[in-house]
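**Q** Here is how the chains run, residue by residue.
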Amino acid sequence: MIESNRKLIAVLVFPIVALMFLAGYKSYLVNTGSEVILPITGYDPRDLLSGHYLTYQVDYGVEEICNGRGKMLREGYVCLNPKKFSFSPINNCQQMIKGICKRRNRLDAGIERYYIPEDQAKDLDRKVRSGKASIVVSVHPSGTAQIKDLLIDGKPWRSSKNN
Amino acid sequence: MAHIEKKIEEWIRADLLSRKAADGLLTYEARKPAGSWVLNGFLILGAVTVGIGIISLIAANWDAIPPSAKLTADFILLSALAFGVFKTHVQGKSGYFEMVLVAFQITCLATIGLISQIYNTGGEVYQALLAWSLITAGVAVASKNAFAPFLWASGFFTALLFAGLQTVWLAPIFSEHYPALVLALSLLGGLMAMVCRAKFGENAQTQALRVWSLMAFLMSLLVVETINAFNFKDTGINFIAYYPGYVLVFLLAIAVISNKNSNRLQNWVSLLALILFVASFHYPYLGIKSDIVFAVSTLSVLTLLALLMASLRQRKIFQVLVVLIGIRFLILYFQALGGLATTGVGLIASGALIIFLVSWWNKKRQAIANWAEGLLT
Chain A
1 MIESNRKLIA VLVFPIVALM FLAGYKSYLV NTGSEVILPI TGYDPRDLLS
51 GHYLTYQVDY GVEEICNGRG KMLREGYVCL NPKKFSFSPI NNCQQMIKGI
101 CKRRNRLDAG IERYYIPEDQ AKDLDRKVRS GKASIVVSVH PSGTAQIKDL
151 LIDGKPWRSS KNN
Chain B
1 MAHIEKKIEE WIRADLLSRK AADGLLTYEA RKPAGSWVLN GFLILGAVTV
51 GIGIISLIAA NWDAIPPSAK LTADFILLSA LAFGVFKTHV QGKSGYFEMV
101 LVAFQITCLA TIGLISQIYN TGGEVYQALL AWSLITAGVA VASKNAFAPF
151 LWASGFFTAL LFAGLQTVWL APIFSEHYPA LVLALSLLGG LMAMVCRAKF
201 GENAQTQALR VWSLMAFLMS LLVVETINAF NFKDTGINFI AYYPGYVLVF
251 LLAIAVISNK NSNRLQNWVS LLALILFVAS FHYPYLGIKS DIVFAVSTLS
301 VLTLLALLMA SLRQRKIFQV LVVLIGIRFL ILYFQALGGL ATTGVGLIAS
351 GALIIFLVSW WNKKRQAIAN WAEGLLT
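Protein chains in written order, with the numbering used here: chain A, 1 to 163; chain B, 1 to 377.
I should point out that these hints are in silico values taken from the structure, not numbers from a laboratory. Wrong hints could be hidden among the right ones.
Below, a list of computed lysine-lysine pairs in the DSS-like style, where the Cα atoms sit at most 25 Å apart [to be verified]: (1) 87/B with 144/B; (2) 144/B with 70/B; (3) 7/A with 87/B; (4) 7/A with 93/B; (5) 98/A with 122/A; (6) 144/B with 7/A; (7) 70/B with 26/A; (8) 26/A with 98/A; (9) 70/B with 93/B; (10) 26/A with 155/A; (11) 122/A with 70/B; (12) 7/A with 199/B.
Calculated from the model, a selection of chain B residues having no Cβ within reach of chain A, i.e. all distances over 12 Å [claimed, not checked]: (13) 22; (14) 50; (15) 53; (16) 120; (17) 173; (18) 200; (19) 239; (20) 287; (21) 303; (22) 337; (23) 362; (24) 364.
Where a beta carbon is used, it is the ideal one built from N, C-alpha and C, also for glycine.
With the rest of the complex left out, here is chain A:
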């Protein structure tokens, strides 16, 4: 229980400032990283549409991702240029994405989910299944990746939604 007005103001302002910082940090990641387009595929046809977001697997164009991790969760690194996978940070890599190996051939880099409007969920689900879908990702030198857009047949999904 807080009786002092100053302390009450501090505990109320702190979450607002922290949330503003979080939003600002995400915005910074989206706008300052180097851009890359990666194709996506539905790895589980039953689970492609989960609520109001699409879930998919990113095709990094690298073979043998997350193999030999055992039963443990481990950090994994994909280098996009040159194409390579490793369980430790890769030196001399121009674009590297960091993630967690949860199972064989599956790296979770926090870019496997795309939020979609409720009324267009089914239409987008059908397009991702049938067309060539890809995501535009902003990649930072630290390996943090952030989604910028979803492309259907190479075009932003918003411009292709009436087709």
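Assemble chain B onto chain A, guided by the hints.
**A** Only chain B this time, still in chain A's reference frame:
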């Protein structure tokens, strides 16, 4: 009011209270704001409903609204709620203060959801809950009612549980030894409740943490009994997984011993309950695989906790624990009888036993509570 009027009449008849004092009490009670817990309950329910509505609106993801407008609207709402909390605090409107505080708490969580949606972050739910509980810990402390701290504790401990099972560095330790995680979290809840009581007294936060940790203790007992009885996979004891639990039990024991609000007998009962509780996680490793031992151990922990709660005048918690003791006792009865319990005679005996126990409890509830309350004092 009707309840207190009845009581006052009873006390006057028993010559415990004068008519003048009774009139004074009734006048005082009549001047107090009516039905405060019902009013507060409905106000908080309203706030929770509004909060869920905000989350649903965000989940619907209005594509027509640009992300910057969504975020601006959200932060304006959050700031307005924060102002509402401050205003009701200054005006001393405790019911409305709690309502706006809970709405603010839930809107903070909704904002994390909105940021995830706008920037398409692929994080896990536990990460959102952990972030939320870290930034709103102060909000839970500001509350004068147990609901906001209880909501916070639920988010915080749920986040810790899933963090233990899903983070890269904790999952290798706990994924195959999750009882160790359950043990550590229930002990952490107990320790937080003890520290809160020692530092701030019997306030809303202490009550919320006590109820939460008691629920965690009971859930842990259920988990460990189920694992011991049905599903124990002997992976060998992993002391690294149990280290947090051992450290916490040590700290909790120190907190119990140095507790100035309880007497020596209450402290010994607490320590004994604690030792039996921790031991129940280790029976399979000690080669004990008897259902009867598991049941006796659980019944002992529950009985010790019930006696402790009674001596602390926590009558509602005491009654819940007694009901749980009754349920566990019945399960033990079925376990001991085995197939015999499902025969005609067995079912008649079981039914009669349930009727007898419930009737006896109903008749003697008050007397048992009074007896238990005086036992450790």
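**Q** A separate judgement is required for each hint: does it hold in the structure or not?
**A** Going down the list of hints, with the structure as the test:
1. For the hint pairing residue 87/B with residue 144/B, the CA-to-CA distance comes to about 15 Å; that is within 25 Å, so the pair holds.
2. Taking the CA atoms of residue 144/B and residue 70/B, the gap is near 32 Å; set against the 25 Å cutoff, the hint is violated.
3. Using a Cα cut-off of 25 Å, the hinted pair residue 7/A and residue 87/B holds, with the two alpha carbons roughly 14 Å apart.
4. Between the alpha carbons of residue 7/A and residue 93/B the distance comes to roughly 18 Å, so the proposed pair stays at or under 25 Å and holds.
5. For the hint pairing residue 98/A with residue 122/A, the CA-to-CA distance comes to about 31 Å; that exceeds 25 Å, so the pair is violated.
6. In summary, the hint linking residue 144/B to residue 7/A is supported, as the alpha carbons are separated by about 14 Å, within the 25 Å threshold.
7. Annotation: proposed proximity of residue 70/B to residue 26/A holds, straight-line Cα distance about 15 Å (limit 25 Å).
8. Of the pairs offered as hints, the one joining residue 26/A and residue 98/A holds, with about 16 Å between alpha carbons and a cut-off of 25 Å not exceeded.
9. For the proposed pair residue 70/B and residue 93/B, the alpha carbon gap of about 31 Å is over 25 Å, so the pair is violated.
10. Distance restraint check for residue 26/A and residue 155/A: the Cα-Cα separation of roughly 23 Å lies within the 25 Å cut-off, and the hinted pair is therefore satisfied.
11. A threshold of 25 Å between alpha carbons decides the hint, and for residue 122/A with residue 70/B the separation of about 23 Å falls inside it, so the pair holds.
12. A distance of roughly 17 Å separates the Cα atoms of residue 7/A and residue 199/B; the hinted pair therefore holds under the 25 Å criterion.
13. Separation of residue 22/B from chain A is adequate, the least Cβ-Cβ distance of about 32 Å exceeding the 12 Å criterion.
14. Residue-level check passed: residue 50/B sits 18 Å from the nearest beta carbon of chain A, beyond 12 Å.
15. A cut-off of 12 Å between C-beta atoms confirms that residue 53/B is not in contact with chain A; the least separation is 15 Å.
16. Consistency note on residue 120/B: stated as away from chain A, yet its beta-carbon is not over 12 Å from all of that chain's, at 4 Å minimum.
17. Consistency note on residue 173/B: stated as away from chain A, yet its beta-carbon is not over 12 Å from all of that chain's, at 10 Å minimum.
18. For residue 200/B, the shortest C-beta to C-beta distance to chain A comes to about 7 Å, within the 12 Å cut-off, and the non-interface label is violated.
19. Residue placement check: residue 239/B keeps its beta carbon more than 12 Å from all beta carbons of chain A (closest about 18 Å).
20. Remark: the non-interface label on residue 287/B is consistent with the geometry, its nearest Cβ contact in chain A lying 27 Å away (cut-off 12 Å).
21. Every CB of chain A lies more than 12 Å from the CB of residue 303/B, the least distance being 34 Å, so the non-interface label holds.
22. Remark: the non-interface label on residue 337/B is consistent with the geometry, its nearest Cβ contact in chain A lying 42 Å away (cut-off 12 Å).
23. With a minimum CB-CB distance of about 38 Å to chain A, residue 362/B clears the 12 Å threshold, and the non-interface call stands.
24. Remark: the non-interface label on residue 364/B is consistent with the geometry, its nearest Cβ contact in chain A lying 38 Å away (cut-off 12 Å).
Checked against the numbered hints given earlier, the structure breaks hints 2, 5, 9, 16, 17, 18 and satisfies all the rest.
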